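Visitor: One-letter residues, chain by chain:
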Amino acid sequence: MLGTKYLPLIFKQVTRQPARTLLTLLGVATAMFLFITVQALEQGVTDATVATGKETTLVVYRQNRFCPFASRLPEHYTSRVNRIEGVASVVPIKIVVTNCGAALDVVTFRGVPRENYAVVAKKFTFLSGSMDQWERRSDAALIGEDLASRRRLKAGDVLTAAGVSAYVAGVIRSPEPQDQNVAYVDLKFLQQTAVRGGDGIVTQFNVKVHDPAHLERVAAAIDQEFRHDPEPTDTRPEKAFVARAAHDLVQIVGFTRYLGWAALAVVLALVSNAIVLSVQDRVREHAVLQTLGFRGGLIARLIVAEGVLLGVTGGAIGSLAAYGLVYFGNFSLSSEGTSVAVRGDATLLLLGLTLSAAVGVVAGLIPALQASRRAIAASFRAV
Amino acid sequence: MALIQCRALTRRYTRGDNIITPLDGLDLDVESGDFLALMGPSGSGKTTLLNLIAGIDRPSAGSLHIGGVDVGTLSRGKLADWRSESVGYIFQLYNLVPVLTAYENVELPLLLHRLSRAQRHEKVATALALVGIADRSEHYPRQLSGGQEQRVAIARAIVTDPGILVADEPTGDLDAVAAASIMDLLKQLNGELGKTIIMVTHDPRSAGHAQRTLHLEKGRLIEATAAAVH
Chain C
1 MLGTKYLPLI FKQVTRQPAR TLLTLLGVAT AMFLFITVQA LEQGVTDATV ATGKETTLVV
61 YRQNRFCPFA SRLPEHYTSR VNRIEGVASV VPIKIVVTNC GAALDVVTFR GVPRENYAVV
121 AKKFTFLSGS MDQWERRSDA ALIGEDLASR RRLKAGDVLT AAGVSAYVAG VIRSPEPQDQ
181 NVAYVDLKFL QQTAVRGGDG IVTQFNVKVH DPAHLERVAA AIDQEFRHDP EPTDTRPEKA
241 FVARAAHDLV QIVGFTRYLG WAALAVVLAL VSNAIVLSVQ DRVREHAVLQ TLGFRGGLIA
301 RLIVAEGVLL GVTGGAIGSL AAYGLVYFGN FSLSSEGTSV AVRGDATLLL LGLTLSAAVG
361 VVAGLIPALQ ASRRAIAASF RAV
Chain S
1 MALIQCRALT RRYTRGDNII TPLDGLDLDV ESGDFLALMG PSGSGKTTLL NLIAGIDRPS
61 AGSLHIGGVD VGTLSRGKLA DWRSESVGYI FQLYNLVPVL TAYENVELPL LLHRLSRAQR
121 HEKVATALAL VGIADRSEHY PRQLSGGQEQ RVAIARAIVT DPGILVADEP TGDLDAVAAA
181 SIMDLLKQLN GELGKTIIMV THDPRSAGHA QRTLHLEKGR LIEATAAAVH
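Line order of the protein sequences matches chains C and S. Numbering-wise (our numbering), the first sequence opens with residue 1 and increments by one. Numbering-wise (our numbering), the second sequence opens with residue 1 and increments by one.
These aren't lab readings, by the way, just hints derived from the structure by calculation. Just so you know, not all the hints are guaranteed correct.
Said to hold, decoys possible - Listed next, the in silico EDC-like pairs over lysine to aspartate or glutamate satisfying Cα-Cα at most 16 Å (straight line):
hint, chain 1, residue 1, chain 2, residue 2
1, C, Lys12, S, Glu169
2, C, Lys208, C, Glu85
3, C, Lys239, C, Glu225
4, C, Lys123, C, Glu55
5, C, Lys122, C, Glu42
6, C, Lys239, C, Glu85
7, C, Lys12, S, Glu138
8, C, Lys188, C, Asp345
9, C, Lys5, S, Asp29
Stated by the list, open to error - Covered stretches of chain S (chain C as the covering partner; in silico rule of three or more C-beta atoms under 8 Å from a C-beta of chain C):
hint, stretch
10, 49 to 57
11, 70 to 81
12, 131 to 142
This structure is a prediction, so every number in the text was calculated from the model and none was measured. Backbone N, C-alpha and C fix where the C-beta goes; we use that ideal spot for every residue, glycine too.
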């Protein structure tokens, strides 16, 4: 460790070459921005697709269909699903999206029967508007806060997308990532209004089971029930369903992981380069410090501290910028009616700062070690 | 026993296939309070002897005792601590840290000691006043003349109150007026504060300020001259 009395010395050494320092900080900040953004994407994918073992929701979809436009199931399947052992509740849902492919700004309408809203809205927190406003109008919508923020909507506005116009009765926050990018409307309203709607036709059923341990068994039982029907089903746990629907997105985000690590390698290279150049410039100065009685270990720690200062400053700028973009941008990646929120929290910010500091230490280690072991008289003779 | 006692002191370097011996079996005693000038042609071993006495180089053979301490056998860390306590080094080219003010440069050696900020301030102020540069304490080295820079360097060398000052051509980069003034200052430090000074110089006028002058050639002492105290 270093005493605080050395801080002015460290700060002055880091800033002695302002242009070099600024360029290094710019590079580090840019690379950390990229790293944190990639981490936020990965966090979103994990939240949306990785099962925790406590899931109780199944999604029943039309077999061999992958887009909400193509999955058309009879609403009357509801009662048959309800009769299957282990099922707690069934919600038929009609889904209308502006774009079935992968995109950044997809609006998803979910039509849910009015009688099921008590179940669906159980986990909602109203940020504006209210359930009363929703119940008063047939064209009312409850929209997730990410969608509201992206489209700059508030209670009382009208949301128009995919040929559907709905009155915003409330903006909600939900612990489920999927709800954050969705507009919930009445099922009948959506069936009558949407292109490719149709009375009695829904896109999927969301099925709650009593026991998470029986999730797979209930899914198999549902598919068995409709195996010989004209509209056979494919039932999966909700997160597995999202993982399948957003398969392309998950693969792309998985690839970006390598970009993130590459960005970290860039940070290491930039800070190392700055420290190596700085130490090479100061061979005589370090020899003078040693002559004054500075031990090699102290000089090494001073050099490592310079690396940490560069890494943390650049990392903080980049991480904060990425965090701000993710936090205020409310981005989500959507595909086939499912969405993956780009998530950023304080943990991510802490990760950015910790990694920046760690990279600073690693970057400074070798030049620090070399400087600390150099013989004083030889250093004076060499320059 | 003399403050500095060199016996058969030898330093060898290997450069490529050649073995160079800048100091070859030197015997020397320096008493406490001496002001010694070392003269000789380039490569005669003056600076090598100075570096050994300052503890920034190690003998290849022979012994070097300073204040009763066998300096040649100290570990790197102990030697650094010993330098910090016992020796002040004055360089020909001052070697101030360019990004630090005169005050901060003089404060550097004190950072190694257990002193409060106020105690460090008091010692730095005293040292700067002693060398007559107190009014330049917030100036950076680039804002000072050569003579002023050397005064700051001397303040840095004496701020920890070491018993020994070593000076490697302290006036070598200065004009005659500044050189005379620096020599007066060194003489004052020797006479009034009792510092033992060992100075390498090519300039006979500077050497004339010392109590005695030793001449080296090819790593050996060839003659000693006792000078009248000026």
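Visitor: Does each hint hold? Answer for all of them.
Guide: Hint check:
Restraint check for Lys12 of chain C and Glu169 of chain S: not satisfied, since their Cα atoms lie roughly 29 Å apart, outside the 16 Å limit. For the suggested pair Lys208 of chain C and Glu85 of chain C, the alpha carbons sit about 12 Å apart, so the restraint of at most 16 Å is met. The suggested pairing of Lys239 of chain C with Glu225 of chain C is violated, with an alpha-carbon distance near 22 Å, which exceeds 16 Å. Distance hint between Lys123 of chain C and Glu55 of chain C is fulfilled; the C-alpha atoms sit about 15 Å from each other, no more than 16 Å.
At roughly 28 Å between alpha-carbon atoms, Lys122 of chain C and Glu42 of chain C are farther apart than 16 Å, so this suggested pair is violated. Distance restraint check for Lys239 of chain C and Glu85 of chain C: the Cα-Cα separation of roughly 22 Å exceeds the 16 Å cut-off, and the hinted pair is therefore not satisfied. Our distance criterion of 16 Å between C-alpha atoms is met by Lys12 of chain C and Glu138 of chain S, whose separation comes to about 15 Å. A distance of roughly 38 Å separates the Cα atoms of Lys188 of chain C and Asp345 of chain C; the hinted pair therefore is violated under the 16 Å criterion.
Between the alpha carbons of Lys5 of chain C and Asp29 of chain S the distance comes to roughly 39 Å, so the proposed pair goes past 16 Å and is violated. With a threshold of 8 Å between beta carbons, the proposed coverage of the stretch 49 to 57 of chain S by chain C holds, since 4 of its residues qualify and at least three are required. Under a criterion of three residues with beta carbons nearer than 8 Å to beta carbons of chain C, the stated coverage of the stretch 70 to 81 of chain S is upheld, 4 such residues being counted. A count of 0 residues in the stretch 131 to 142 of chain S with a Cβ less than 8 Å from any Cβ of chain C is obtained; the coverage claim is therefore unmet, three being the minimum.
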